[in-house]
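First to last, the sequence lines map onto chains A and B. Sequential numbering from 1 applies to the first sequence in our numbering. Sequential numbering from 1001 applies to the second sequence in our numbering.
Honestly, the hints are just simulated from the structure, not real lab data. One thing to keep in mind: the hints can contain errors.
Ranges of calculated distance between the beta carbons of each label pair, as one might list FRET restraints [as the list claims (entries may be wrong)]:
1. Leu1206(B) - Lys32(A): 27 to 37 Å
2. Gln218(A) - Ser1214(B): 25 to 35 Å
3. Glu157(A) - Val1009(B): 46 to 56 Å
4. Gln199(A) - Cys1043(B): 51 to 61 Å
In the SDA-like style, the derived pairs of lysine to any residue whose C-alpha atoms are separated by at most 20 Å in a straight line are [claimed, not checked]:
5. Lys1012(B) - Pro119(A)
6. Lys12(A) - Glu1115(B)
7. Lys12(A) - Arg1112(B)
8. Lys1012(B) - Lys32(A)
9. Lys12(A) - Glu1116(B)
10. Lys19(A) - Ile109(A)
11. Lys1012(B) - His24(A)
12. Lys1012(B) - Lys19(A)
13. Lys1032(B) - Lys1193(B)
14. Lys32(A) - Ser4(A)
15. Lys12(A) - Arg1111(B)
16. Lys12(A) - Ser1117(B)
17. Lys12(A) - His24(A)
18. Lys1012(B) - Glu116(A)
19. Lys1012(B) - Met113(A)
20. Lys12(A) - Lys1193(B)
21. Lys12(A) - Phe1057(B)
22. Lys1012(B) - Ser117(A)
23. Lys1012(B) - Arg111(A)
24. Lys12(A) - Lys1032(B)
Every residue gets a Cβ at the ideal spot worked out from N, C-alpha and C, and that includes glycine.
2 protein chains.
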Amino acid sequence: MSFSDHFPVWDKLSGAQQKILSEHVIARTFPKGTVIHEGGLGCTGLLVVGSGQLRAFILSEDGREISLYRLLDRDICLFSASCMLRSIRFDVSIEAERDSRVWIVPAEIYRRMMEESAPLANFTNELMANRFSEVMWLMEQILWHSMDRRLAAYLLEQSALEGGGVLTLTHEQIARDLGTAREVVTRMLRYFKNEGLVQLSRGCVLLTDADRLSAIAQ
Amino acid sequence: MSFSDHFPVWDKLSGAQQKILSEHVIARTFPKGTVIHEGGLGCTGLLVVGSGQLRAFILSEDGREISLYRLLDRDICLFSASCMLRSIRFDVSIEAERDSRVWIVPAEIYRRMMEESAPLANFTNELMANRFSEVMWLMEQILWHSMDRRLAAYLLEQSALEGGGVLTLTHEQIARDLGTAREVVTRMLRYFKNEGLVQLSRGCVLLTDADRLSAIAQ
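One chain only, chain A, in its complex shape:
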């Protein structure tokens, strides 16, 4: 497993840039449960996932968490290197959700390279736009429309009606019942799945953690 295989724009860097990256990148393993980066505390660097799974989340003042996204093989986390971009001023925490192998690119190395490399800067742009979009969607759905609460309540209600945790329901039906778009239901169900609350198969939702669903529904 090599860094160059896992770094998407490797081939677009000059030989000199590849050399600098190779010399400065740090390979680390993090056991499941490790908090790799704590929001607001320093600048860990850019994280490139080799194997395992990371979770990015924000923490409210009263200790509640909202998972923002997961990072799997070859995913790259920008916000652990927020010092790199002067303008990033919010705090995302990152934890290893499984035993993970991660490369850390020191923020200063990355920033300097980005200044002279248009491919790297554009790649970083796309990364950020991607995360920005995901986070905006989630914040809107969860915080504005309470879609997590409404969907959790709905699933528990259906489970009570059907007398079990296996629900034969299409996303289309759920969307109709909740008065929203099918795409919203599909994405929120996928979010629930990543949170370990449900399993999904064609036309079917299996509730796997009714207790946490109840907590969300209230």
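Let chain A serve as the given structure and place chain B on it in line with the hints.
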């Protein structure tokens, strides 16, 4: 008033790039109240503000609005050109809040130039990171902590106690009473000011639209 004066990385572009930009940029004036860009509808292009004031906002399904940020002289709006970055998938609307002069850079021109210009790509990165940070902060405070509602209710309460719309209060005091950080109060008061709800001077908050404050407080 020239485009080159208003475009921050102009001097870092090559002569050929400057020429292409000059040839393709479109100068427009928008009377107050014009919706320049409607979220989800096409790709207006990159907006560079020459004079006036634009407001970026998101619209919920039931028609509520949240103002995200204002754009003044020399500010640049990226999200009206969201098609430019494949990964931007959320919809921000832009309206002219005052009579405004705006340059529009066609998205395709900008995107192609960014691909070969590291300075332009890095500048775009900073723009996006900046907006991302502002929007994250706002979403967290408004939607998660209900800080807009709590601050509005607090100001109205103080106004009832003092028997008038001029409150002698430091941000420090307000923060203590609301159990949050001074910086949060300062930023939220500035947000209220931009929304036309209050005026601010040293150690003093003047309520200018009690009706809308009441609407927010409820």
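Cross-check of the supplied hints:
The hinted range of 27 to 37 Å is not satisfied by Leu1206(B) and Lys32(A), whose Cβ atoms lie roughly 54 Å apart. The given range of 25 to 35 Å is respected by Gln218(A) and Ser1214(B), whose C-beta atoms sit roughly 29 Å from each other. The supplied range of 46 to 56 Å is met by Glu157(A) and Val1009(B), whose beta-carbon atoms lie about 55 Å from each other. Checked against the hint of 51 to 61 Å, the C-beta distance between Gln199(A) and Cys1043(B) comes to roughly 38 Å, which is inconsistent with it.
Using a Cα cut-off of 20 Å, the hinted pair Lys1012(B) and Pro119(A) holds, with the two alpha carbons roughly 17 Å apart. For the hint pairing Lys12(A) with Glu1115(B), the CA-to-CA distance comes to about 12 Å; that is within 20 Å, so the pair holds. For the hint pairing Lys12(A) with Arg1112(B), the CA-to-CA distance comes to about 17 Å; that is within 20 Å, so the pair holds. A distance of roughly 46 Å separates the Cα atoms of Lys1012(B) and Lys32(A); the hinted pair therefore is violated under the 20 Å criterion.
For a cut-off of 20 Å, the pair hint linking Lys12(A) to Glu1116(B) stands: about 12 Å separates their Cα positions. As the CA atoms of Lys19(A) and Ile109(A) are separated by approximately 12 Å, the hinted pair is consistent with the 20 Å bound. For a cut-off of 20 Å, the pair hint linking Lys1012(B) to His24(A) is broken: about 29 Å separates their Cα positions. Taken as a hint, the Lys1012(B) and Lys19(A) pair is broken in the structure, with Cα atoms around 27 Å apart against an allowance of 20 Å.
The suggested pairing of Lys1032(B) with Lys1193(B) holds, with an alpha-carbon distance near 19 Å, which does not exceed 20 Å. For a cut-off of 20 Å, the pair hint linking Lys32(A) to Ser4(A) is broken: about 25 Å separates their Cα positions. The hinted pair formed by Lys12(A) and Arg1111(B) meets the criterion: a straight-line CA distance of about 18 Å does not exceed 20 Å. About 14 Å separates the Cα atoms of Lys12(A) and Ser1117(B), which keeps this hinted pair within 20 Å; it holds.
Among the hinted pairs, Lys12(A) with His24(A) is consistent with the structure: their alpha-carbon atoms are about 18 Å apart, no more than 20 Å. With a C-alpha separation of about 12 Å, the suggested pairing of Lys1012(B) with Glu116(A) holds against the 20 Å cut-off. Taken as a hint, the Lys1012(B) and Met113(A) pair is honoured in the structure, with Cα atoms around 17 Å apart against an allowance of 20 Å. Our distance criterion of 20 Å between C-alpha atoms is broken by Lys12(A) and Lys1193(B), whose separation comes to about 47 Å.
Straight-line distance between C-alpha atoms of Lys12(A) and Phe1057(B) comes to about 37 Å, which puts the hinted pair past the 20 Å bound. Of the pairs offered as hints, the one joining Lys1012(B) and Ser117(A) holds, with about 14 Å between alpha carbons and a cut-off of 20 Å not exceeded. For a cut-off of 20 Å, the pair hint linking Lys1012(B) to Arg111(A) stands: about 18 Å separates their Cα positions. Of the supplied pair hints, the one linking Lys12(A) and Lys1032(B) is violated, its CA atoms being roughly 46 Å apart against a limit of 20 Å.
In this structure, the hints that do not hold are numbers 1, 4, 8, 11, 12, 14, 20, 21 and 24, in rising order.
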